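K.L.:
Chains as they are written, first to last, in the numbering used here: chain A, 1 to 150; chain B, 1 to 150.
Simulated from the structure, these hints should not be mistaken for laboratory data.
Since no wrong hints were added, every one of them can be taken at face value.
Given that identical chains are not distinguished, each listed pair holds provided it fits within a single copy or across any two copies.
Below, simulated DSBU-like cross-link-like pairs (lysine-lysine); rule was C-alpha separation at most 30 Å, straight line:
1. LYS104 with LYS88
2. LYS45 with LYS82
3. LYS111 with LYS45
4. LYS78 with LYS45
5. LYS25 with LYS149
6. LYS82 with LYS25
7. LYS25 with LYS111
8. LYS147 with LYS25
9. LYS25 with LYS92
10. LYS149 with LYS104
Quick caveat, the model's predicted, so the values are computed rather than measured.
There are 2 protein chains.
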Amino acid sequence: MMKKIALAAFAFAVAGSALAIEPDKAIKTRQAGYAYIGWNMNKIKDNVEGTYNQAEVIKAANAIAAIANSGMGALYVKGSEKDVGNVKTYVKPEFFSKPQDAAKYAQAFTKEADELARIAAVGTVAEVKAQHGKVGGTCKACHDDFKMKN
Amino acid sequence: MMKKIALAAFAFAVAGSALAIEPDKAIKTRQAGYAYIGWNMNKIKDNVEGTYNQAEVIKAANAIAAIANSGMGALYVKGSEKDVGNVKTYVKPEFFSKPQDAAKYAQAFTKEADELARIAAVGTVAEVKAQHGKVGGTCKACHDDFKMKN
Numbered sequence: 001m002m003k004k005i006a007l008a009a010f011a012f013a014v015a016g017s018a019l020a021i022e023p024d025k026a027i028k029t030r031q032a033g034y035a036y037i038g039w040n041m042n043k044i045k046d047n048v049e050g051t052y053n054q055a056e057v058i059k060a061a062n063a064i065a066a067i068a069n070s071g072m073g074a075l076y077v078k079g080s081e082k083d084v085g086n087v088k089t090y091v092k093p094e095f096f097s098k099p100q101d102a103a104k105y106a107q108a109f110t111k112e113a114d115e116l117a118r119i120a121a122v123g124t125v126a127e128v129k130a131q132h133g134k135v136g137g138t139c140k141a142c143h144d145d146f147k148m149k150n
Numbered sequence: 001m002m003k004k005i006a007l008a009a010f011a012f013a014v015a016g017s018a019l020a021i022e023p024d025k026a027i028k029t030r031q032a033g034y035a036y037i038g039w040n041m042n043k044i045k046d047n048v049e050g051t052y053n054q055a056e057v058i059k060a061a062n063a064i065a066a067i068a069n070s071g072m073g074a075l076y077v078k079g080s081e082k083d084v085g086n087v088k089t090y091v092k093p094e095f096f097s098k099p100q101d102a103a104k105y106a107q108a109f110t111k112e113a114d115e116l117a118r119i120a121a122v123g124t125v126a127e128v129k130a131q132h133g134k135v136g137g138t139c140k141a142c143h144d145d146f147k148m149k150n
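Chain A on its own, in the form it takes in the complex (with noise of 0.2 Å):
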């Protein structure tokens, strides 16, 4: 389903459906969805470098996962490959020249997320931290081809 609505919406499928969303929305909604991930990223690496919690770590990585599994890629319609006014967006031009290798990182990522949540609720700190870095991979992966700098 991620892989059908992923290659859907890179390719701009959605524009105009009754799920679109105006461009400066998309830009703003996938930059916090990314946002939140990230602060639970940071803090499962807390959790495994430090004192661990497993039951904030099960949390953070549900976030990720759900949000992962949300259908982000409904917020790449067309008009939001280029900034809106005053809203920036720091995604390369070849994300959506390249809808195909675009959703292979999504993929990717929402895997590695599942898997994530999956372990965290079973595994210990170091199966946790691995598949952590396995989830950072996959994020890495994504901003090194298709994220400017910023």
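Got chain A; can you put chain B on it based on the hints?
P.N.:
Relative to the frame of chain A, chain B by itself:
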């Protein structure tokens, strides 16, 4: 667990801990969480009022519930009760001086969001619509008392 964390955080108890977050980052992160919740609430609204896509509603409801359960209370650190430079907060001072009232709203929101995620998976459109309304009611109740007009 939500109750404990919410109360502790609203009383600024996390300040200074390993998990403390800078006030400006805390303001931006909580706004990001609410923005992402808002987008997903709107998606569910579009679904119950238009063409219903259960898979999309489930994913949206899961994102809302996971964010609600992610420990947002930790984002109300000391120093974040007022604007930090050009990072504005729209939380009224009363939110911080009445932490138990604030926590009650947070708990009500989390409870109804959990129920929405549960109903999304098994319920009818009418049931989802009714529960979506209940979640929205908990948003509005808190906004009415604790959010500035912006």
